[in-house]
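With chain A held as given, fit chains B and C onto it using these hints.
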Amino acid sequence: MLRNYLHKRPHLVYIMPAILILGILTFIPTVFLYGLSLTNYELGYQDFKFVGLDNFIRLFSGQDAEFWYSMRISIGFMAIVTVVELLLGFWLAVLLDREFKLKPLVFACLIIPIAMTPSITGQIWKLMLNAENGVVNYLLHFFGGKVIWLSAENAFLSTVLVDIWQNTPFVALIIYAGMRSLPSEPYEAAAIDGANRVQIFRYVTLPLLLPMILLAVVFRAIDSLKTFDIPYSLTQGGPGSSTEFLSMHVYRLGFAQTGWVGRSAAVSVILLILITVISWLLIRAYRKGVENRG
Amino acid sequence: MNTHGNKKVGFGTGIVLLVVCLLCMFPMFWMILVSLKSKALTYDPSVWFFSPTLENYKAVFENRDAVGYLKNSAIVVVLTTMISIFIGGMAAYGFARFEFKKKENRAFWVLSLRMLPPMASVIPLFVMASLVGVLDTHLVLIVAYMLFNIPFTIWMMRSFFEEIPVALEEAAFVDGASRFRVFVQIILPLAVPGLIATAIFCIINSWNEFVFALFLTSAHASTLPTTVTLFLSVSGVAWGEMSSIGVVTILPMLVFAMIVQKYMIRGLTFGGVK
Amino acid sequence: MAKKIMQIAVASVLTASLAACSSGNGGSNASNSPSPSASSSASGGASGSVGTLADWGQTIKSKYDGTEINLAFASHPSTDSFQKMTKEFEALTGIHVKWEVMEEGYLKNKQLLDFTGRTGTYDVLMVDGFWMSEYGAKKVVEPLDKLIADKTLTPDWFDYEDIVPAYRNGISKYEGKTYGIPTAGETRFIAYRKDLFDKYGKQPPKTMDEFLELAKFFNGKEDGLYGVSMRAQRGTHAASGLLSLMYNFGGGFIDQKTGKATMTDPKTIQAMQFYVDLLQNAPKDVASYTHEEALSAFTTGKAAMWLDATALANRILDPSGSQVADKVGFVPTPEGPAGRASALAGWNMSISSLSKKQEAAWAFIVYMNSKEKAKEYVQGGGVPVRTSVYKDEELAAKNISYPVQLEALNDANVLVEKGISWIPPSPKLGQILDRVGYYVSAAMFDKMTVQEAAEKAQKEVEDITG
Numbered sequence: 001m002l003r004n005y006l007h008k009r010p011h012l013v014y015i016m017p018a019i020l021i022l023g024i025l026t027f028i029p030t031v032f033l034y035g036l037s038l039t040n041y042e043l044g045y046q047d048f049k050f051v052g053l054d055n056f057i058r059l060f061s062g063q064d065a066e067f068w069y070s071m072r073i074s075i076g077f078m079a080i081v082t083v084v085e086l087l088l089g090f091w092l093a094v095l096l097d098r099e100f101k102l103k104p105l106v107f108a109c110l111i112i113p114i115a116m117t118p119s120i121t122g123q124i125w126k127l128m129l130n131a132e133n134g135v136v137n138y139l140l141h142f143f144g145g146k147v148i149w150l151s152a153e154n155a156f157l158s159t160v161l162v163d164i165w166q167n168t169p170f171v172a173l174i175i176y177a178g179m180r181s182l183p184s185e186p187y188e189a190a191a192i193d194g195a196n197r198v199q200i201f202r203y204v205t206l207p208l209l210l211p212m213i214l215l216a217v218v219f220r221a222i223d224s225l226k227t228f229d230i231p232y233s234l235t236q237g238g239p240g241s242s243t244e245f246l247s248m249h250v251y252r253l254g255f256a257q258t259g260w261v262g263r264s265a266a267v268s269v270i271l272l273i274l275i276t277v278i279s280w281l282l283i284r285a286y287r288k289g290v291e292n293r294g
Numbered sequence: 001m002n003t004h005g006n007k008k009v010g011f012g013t014g015i016v017l018l019v020v021c022l023l024c025m026f027p028m029f030w031m032i033l034v035s036l037k038s039k040a041l042t043y044d045p046s047v048w049f050f051s052p053t054l055e056n057y058k059a060v061f062e063n064r065d066a067v068g069y070l071k072n073s074a075i076v077v078v079l080t081t082m083i084s085i086f087i088g089g090m091a092a093y094g095f096a097r098f099e100f101k102k103k104e105n106r107a108f109w110v111l112s113l114r115m116l117p118p119m120a121s122v123i124p125l126f127v128m129a130s131l132v133g134v135l136d137t138h139l140v141l142i143v144a145y146m147l148f149n150i151p152f153t154i155w156m157m158r159s160f161f162e163e164i165p166v167a168l169e170e171a172a173f174v175d176g177a178s179r180f181r182v183f184v185q186i187i188l189p190l191a192v193p194g195l196i197a198t199a200i201f202c203i204i205n206s207w208n209e210f211v212f213a214l215f216l217t218s219a220h221a222s223t224l225p226t227t228v229t230l231f232l233s234v235s236g237v238a239w240g241e242m243s244s245i246g247v248v249t250i251l252p253m254l255v256f257a258m259i260v261q262k263y264m265i266r267g268l269t270f271g272g273v274k
Numbered sequence: 001m002a003k004k005i006m007q008i009a010v011a012s013v014l015t016a017s018l019a020a021c022s023s024g025n026g027g028s029n030a031s032n033s034p035s036p037s038a039s040s041s042a043s044g045g046a047s048g049s050v051g052t053l054a055d056w057g058q059t060i061k062s063k064y065d066g067t068e069i070n071l072a073f074a075s076h077p078s079t080d081s082f083q084k085m086t087k088e089f090e091a092l093t094g095i096h097v098k099w100e101v102m103e104e105g106y107l108k109n110k111q112l113l114d115f116t117g118r119t120g121t122y123d124v125l126m127v128d129g130f131w132m133s134e135y136g137a138k139k140v141v142e143p144l145d146k147l148i149a150d151k152t153l154t155p156d157w158f159d160y161e162d163i164v165p166a167y168r169n170g171i172s173k174y175e176g177k178t179y180g181i182p183t184a185g186e187t188r189f190i191a192y193r194k195d196l197f198d199k200y201g202k203q204p205p206k207t208m209d210e211f212l213e214l215a216k217f218f219n220g221k222e223d224g225l226y227g228v229s230m231r232a233q234r235g236t237h238a239a240s241g242l243l244s245l246m247y248n249f250g251g252g253f254i255d256q257k258t259g260k261a262t263m264t265d266p267k268t269i270q271a272m273q274f275y276v277d278l279l280q281n282a283p284k285d286v287a288s289y290t291h292e293e294a295l296s297a298f299t300t301g302k303a304a305m306w307l308d309a310t311a312l313a314n315r316i317l318d319p320s321g322s323q324v325a326d327k328v329g330f331v332p333t334p335e336g337p338a339g340r341a342s343a344l345a346g347w348n349m350s351i352s353s354l355s356k357k358q359e360a361a362w363a364f365i366v367y368m369n370s371k372e373k374a375k376e377y378v379q380g381g382g383v384p385v386r387t388s389v390y391k392d393e394e395l396a397a398k399n400i401s402y403p404v405q406l407e408a409l410n411d412a413n414v415l416v417e418k419g420i421s422w423i424p425p426s427p428k429l430g431q432i433l434d435r436v437g438y439y440v441s442a443a444m445f446d447k448m449t450v451q452e453a454a455e456k457a458q459k460e461v462e463d464i465t466g
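Residue numbers (the UniProt record's numbering), protein chains in the order written: chain A, 1 to 294; chain B, 1 to 274; chain C, 1 to 466.
Only chain A is shown next, with the shape it has when bound in the complex (with noise of 0.2 Å):
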């Protein structure tokens, strides 16, 4: 029965272990996350209430004062980081696609900020940042400058500044390999056209270039939404509101400090359609980017 079932769907096999330990790794959470969404509970106590949407319009309402800011500068993080991150990346990758003799030692920098932890990255970086006795300020000191890295007006930037620092290489890297695995042909069809490198760059590379560029972006797009160990470590989401994304909303609102679970909760399910919406869009255009190429 099982054997004749599993015949007419020889997929199963394969895709079942997978899907078995993710449905339960995941489904459970989910559908918990769904339901202490509408919930008043606080951790450490033993009763709560079904409140039924209150926490979703305690949100939306406005009531609380950060969760549209939040909403904000999560989404302007997104599109900054990545849209920086592409293009240096992109740059780094056209600059590094060409033979040189240290080659291996660039690419072993580059891994440097992909490979470190982040977790005392981002301390390391919070003494370096600080205005008064930080290296960075030092360093600038020498051409006159001072930055006040963490203020009001700089938290937000200085947040970017680190995300650029640990994921450009990443996008670089990707970007790179994209190149090096062009085929060849479409290149010499195009010398033969006598296109020149403008053109070649803008109908050839391009083009073929797009589903690498477009996984880059699915990556650091879902990432970056949700930024949590810089600025955990930089800032704690402040000056103010400053550096408040999403992420660290939810884990204002649902851990120790206050304990609110259901209204974390509630913001957890919104940062999660959001991603889910965002990557969406995103991977059906990757999808599409690869056949076209296909």
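These are computed hints drawn from the structure, not numbers from a lab. Just so we're clear, the structure is a prediction, and the values are computed from it rather than from any experiment. It is possible that part of the hints are untrue.
Using C-beta positions, here's what the derived DEER-type ranges look like [claimed, not checked]:
1. A:I75 x C:D446: 20 to 30 Å
2. C:I400 x B:T53: 26 to 36 Å
3. A:L102 x B:K58: 29 to 39 Å
4. A:N4 x B:A171: 46 to 56 Å
5. B:S51 x A:P207: 53 to 63 Å
6. B:T13 x A:G76: 30 to 40 Å
7. C:Q256 x A:G144: 36 to 46 Å
Negatives, chain B to chain A, calculated, CB over 10 Å [stated by the list, open to error]:
8. F11
9. T13
10. D65
11. V67
12. H138
13. V166
14. D175
15. Q185
16. H220
Think of the CB as a built atom: it goes at the ideal place given N, C-alpha and C, for glycine as much as any other residue.
Showing chains B and C alone in chain A's frame:
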């Protein structure tokens, strides 16, 4: 392979790459420097040359049981990576080779699991682990890390399997081999470079994971990244010790990444388009 | 749509059942754990003498040899000192101690998660005075009154009465019951740069007005010098920084008798305005300062004055980590419009209500916090809570801040006598601090005026206290 990779490195490019390298390296460099400084010098960024002290490393290994954390990290990372690669690789093959209803939806669902912020899933996972009674074991982290490792593997490996010509398998079928045997004996060996690249990222991600490790484990199974909380003391951050354990944490990854550099970069290509 | 409804239904069943089974566990757990009174009579009958430390050790060893207790402690100099004393304790009692040490924010998360999950991993918890009301209300920790009163369990050489009364009453009680033994006390005072004050012929501040004036005076007086340094990071730190001044203005977050929010009380607003004005004379990124950054700004000579915890005085006076070690003086928190007052905070050791080894846990607490061991503890770097320690001449000679600490403690007692607890006694304190801390932080850089911030904070605090 490509016609535009033969450009020479000009002076300008050289400078730019040098700057990029310095920028990437600097926090690591600074961390090593701080780890070798005595306490009084930590907050003095103008001191670059000093007689280094190994006090901090000694403290970390003698009083903080760095070896224990190292062992926990190694066990968890190796096992979770091996299991994830196998299970994820199988699923990736399933997605690559078969047509079935709602395939794209399911593939998307798999990827979407990456989207759950760890902060949101850690409370339910904690409760689940507590009910099953596996809190503070290596097992709980091994399983929890599959949550991001398996989707990543599926995502990376799917396109890669799609690239392997179907003809290879069909030849084997003609010889009467079962599909599963073909998968294990023919497809997997062909996919080794991709598998290695995937494994590298699984290893790095698991090694550095913080939130799950912090909340799901305690004295017995804690991993290296959680040690950062030891040093954020009420009466001051022990920068020296924190940096030295940071170096201890990062060094194995870095050495590892250097060794497998080639695979890593090559592998990224497969994940994308090829 | 139908799918959605299903999901919700499943979710509700799931959460309800989880809650049910967890509370079930809790119930059985409570009945399993020996109630202190019952066990104490048993031990009283069977046990030998506990009059001296050695006898007590014998008695404990005969009962709990080989027991393992688990600890969840904060990274704190006192913890380091306790760890140094652990070997001796293990040898004496045969109890094995398993430490888990982490940063305070994570510590509270772990303790509460462990409690919520009904896991009962920990036996002894290190609890911040700020968390005590919440832990008491949630029953995370066990009431200790009966244990303290029982002479067989708490021998005379422990001497509970020797602990500074302000700490006993101020940081370890909730609704009249004792839930913790104070281990590390903290009040707050000002450290100032003697050399700078001498150079410009200034006297250390006695009143809040002088404090502000001096901060303004020194700010920018020399290259790279700021007037003052304090903690002000968004959240608990900002709220706690404000607290260290507020009572001197007569303000408060909540009315301690009625529990109503008093953020818009003119005195509270005045204190908030003062705090904001004062920090205009601090390093520009003060809004990201925890005690760590605030302290390092002072110890590297970037600030003329510093107001924070007495527990940190050691670091200012430690020449291996401080560049100003030989140039500082200390004075108590200045007098404000409402008179003298000083902070009263600190850490406790408590027994987890889920612990199945409560007596072994108590033995650990007794040993570590006893008067007998107090000197060893302080010499190992621990932060004192005992009168006998403050009066110990050998110790006081080593630390010039002791007399001022005692003076600050007397100021703190002024509040106690007024019937005010420096730590607002509310089980919702964590939430209040978080919200107030946000608005204070927002007021600090002109995002809103102090008045606006106070009004908004009032609304949120009202919402929390109900």
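Right, here's what the structure says about each hint:
1. A:I75 x C:D446: 20 to 30 Å: Between A:I75 and C:D446, where Cβ atoms are some 25 Å apart, the hint holds.
2. C:I400 x B:T53: 26 to 36 Å: holds (28 Å)
3. A:L102 x B:K58: 29 to 39 Å: Taking Cβ atoms as reference, A:L102 and B:K58 lie about 36 Å apart, which means the hint holds.
4. A:N4 x B:A171: 46 to 56 Å: violated (28 Å)
5. B:S51 x A:P207: 53 to 63 Å: holds (58 Å)
6. B:T13 x A:G76: 30 to 40 Å: With a Cβ separation near 32 Å, B:T13 and A:G76 satisfy 30 to 40 Å, so the hint holds.
7. C:Q256 x A:G144: 36 to 46 Å: violated (52 Å)
8. F11: holds (12 Å)
9. T13: Violated, because the least Cβ-Cβ distance between B:T13 and chain A comes to about 5 Å, which does not exceed 10 Å.
10. D65: holds (17 Å)
11. V67: Since the minimum Cβ distance to chain A is about 17 Å, B:V67 lies beyond 10 Å and the statement holds.
12. H138: holds (16 Å)
13. V166: holds (14 Å)
14. D175: Non-interface label on B:D175 holds, nearest chain A Cβ at 18 Å vs cutoff 10 Å.
15. Q185: Check passes; 15 Å lies beyond 10 Å.
16. H220: holds (20 Å)
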